[in-house]
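Position chain B with the ligands relative to chain A; hints supplied.
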Amino acid sequence: MATIKIDGLKKRYANGFEAIHGIDLDVADGELVVIVGPSGCGKSTLLRMVAGLETITEGTLSIDGTVVNDHEPGQRDIAMVFQNYALYPHMSVFNNMAYGLRNRGVGREEIKRKVADVAAILELGDLLDRKPAQLSGGQRQRVAMGRAIVRDPKVFLFDEPLSNLDAKLRVQMRIEIKRLQRRLGTTSLYVTHDQVEAMTLADRLVVMNAGRPEQIGTPMDIYTNPASMFVAGFIGSPAMNFLALERMEGGRLRLPGSEAMLAEDDGSNGAPVLGIRPEHMRTVGTAADADIVLSVDAIEPLGADTLVYGRALGQEGEIVLRLGGSHSIGEGDNLPVAFDRNHLHFFDRANGRRADVRT
Amino acid sequence: MVENRPFLTLLSHLIMIAGVAIVALPVWIAFVISTMDATDLLGGVAPLWPGDQFLENYATILFQGEQASSAPPVLLMMTNSLIMALGIAIGKIVISIISAYAIVYFRFPFRMFFFWMIFMTLMLPVEVRIMPTFKVIADLNMLNSYAGLTIPLIASATATFLFRQFFLTVPEELLEAARIDGAGPVKFFIDILLPLSRTNIAALFVILFIYGWNQYLWPLIVTTEDSYYTVVMGVQRMVAVPDADPIWHYVMTTALLGMLPPALVVLFMQKLFVKGLVEQEK
Ligand SMILES: Nc1ncnc2c1ncn2[C@@H]1O[C@H](COP(=O)(O)OP(=O)(O)OP(=O)(O)O)[C@@H](O)[C@H]1O
Ligand SMILES: [Mg+2]
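The listed protein sequences correspond, in order, to chains A and B.
Using the working numbering, you'd call the opening residue of the first sequence number 307 and step up by one each time.
Using the working numbering, you'd call the opening residue of the second sequence number 138 and step up by one each time.
Looking at chain A on its own, in the form it has when it is part of the complex:
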């Protein structure tokens, strides 16, 4: 059982590129922290610094209270699951799992017992004699998991472990990873760019953008209180809608073409923007009750939900609306839409941060 303390960690690569500009993060014992962000934001770099595969340019990294900046990966007592699994191609499944134990001088009998235990948990019992090339993608993934688990390390590190699986298997393994992590209670860092994976797995979420953590918090906290337009747009699917607001006299803010005042500010926000999630909008009977009138240009019935895409007067971007159940809306319809007043978010487009407003 272990804690991780990341303190002012920075990474500058040999070519001078600064991939991580400084991050602080405390991971509690047994916690699963998911690092999420778009491609190239430095997720893998951060994880690899924790693993010891990349050197730390600045800052300190402690595992269980010991500073491990200068420890070899093998001395840090961590295990990592790679995106492409990185199984040893010439070794059987058994040997793949046993290799790390052997290098640590664990006895033969104990290795046998440990591998058998883990193989039973992961349902790999019948595959122990096979080579990785003789396994399906999903089975390889399980072996990679098994190799990590069998060592009973202080920390698990996952770098997009599910992205090579098909959609169905991904959902299945996602649940299984969560269950395993709970059962073993091992402190974990999990990197993904899939926000659904991030939301469902995380005890806590780190949303990264261009080498900086934009927000750190529980998934629900980040969903309900995104600290910036970037986080708001990244977490949630379909993404949050952003609508430009006009400022009337007295700092009152409203949607262009609408009478309803949504909030007021002191004028310090450069370009106020309203953020509203697709699931926090509903259709209303008449245009008089509506906040916007959506001219529908596409409909996606998902079964349980229906996604309606369209445009509104005075708004540049496309607007998405999620309605429960199925609806008989046609393309070209003009749909009066009202917003749930409890779920309005205000941002300042000038700096992308949450805006200070009164509602």
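There are no misleading hints in this set.
Just a few of them, taken from the derived set where beta-carbon distance is under 7 Å, the chain B residues facing chain A:
no., residue
1, E310
2, A314
3, R316
4, I317
5, D318
6, G319
7, A320
8, P332
9, L333
In case anyone wonders, no lab produced these hints; they're calculated from the structure.
Quick reminder that beta carbons are idealized off the backbone N, C-alpha and C, glycines included.
Chain B with the ligands only, in chain A's frame:
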């Protein structure tokens, strides 16, 4: 081709049979001659059917050698050839796999400079540098020794280059996974890299063994004592006897014996060899 045309099948078989005959006929004639005695060959026409001297000829040549050219017994020459070929093949593989490992996996000053130095030796086979190499070997008192026979032929760029190319295709995550599993550089080399290179090593071994076995010029120069003669030199000496006709049935016996080990190596390593040439296990 997956077409089913009887005429084409017949034609391709004929071509292949002709090819086999072209290669095999001289070998057959050599074998036939190696089973004759001197009188059978006086007619000047090569017979096509084996004679009855098989055991006598082979026993004489293997254990006593041909007296006329005072060549040593072929068994001794074959042992010398074997030591030389094995020394060259194993030495080249060991040296080049280790230097390729250093060049691909370690960052040290002048890394690329060393790589290109090794690469340049590709342009300097022993025939090109024979005078200076001979001088060095002579100064080191290595004439008439197995070391003198093998070491100058071991320095090899080709194999280093081959292993380097192979190592570059080994995914980096494998090294990282091994490091996390607690393997240091030596363990990674022995436990992961060597087994993965198995087919490459086998293919190289076959090629280098034959290369070493067939060396002619270098052994001719560094050996003056009979006891270090190699079989390839021996055959030549038997053909080039002064003031006499070569004793053809002994020459052929020696030639056939000299062909045997490389053929056996190819035969036994064939499976691995082909695998190493056409596919890579990853
Ligand atoms: N060895 C390196 N040298 C220089 N720059 C690098 C190196 N490795 C990564 N980078 C850069 O650092 C940045 C972060 O890379 P990183 O691999 O951490 O991204 P990531 O968030 O994991 O992205 P992805 O989701 O695509 O895996 C990228 O801009 C990348 O180009
Ligand atoms: Mg990555």
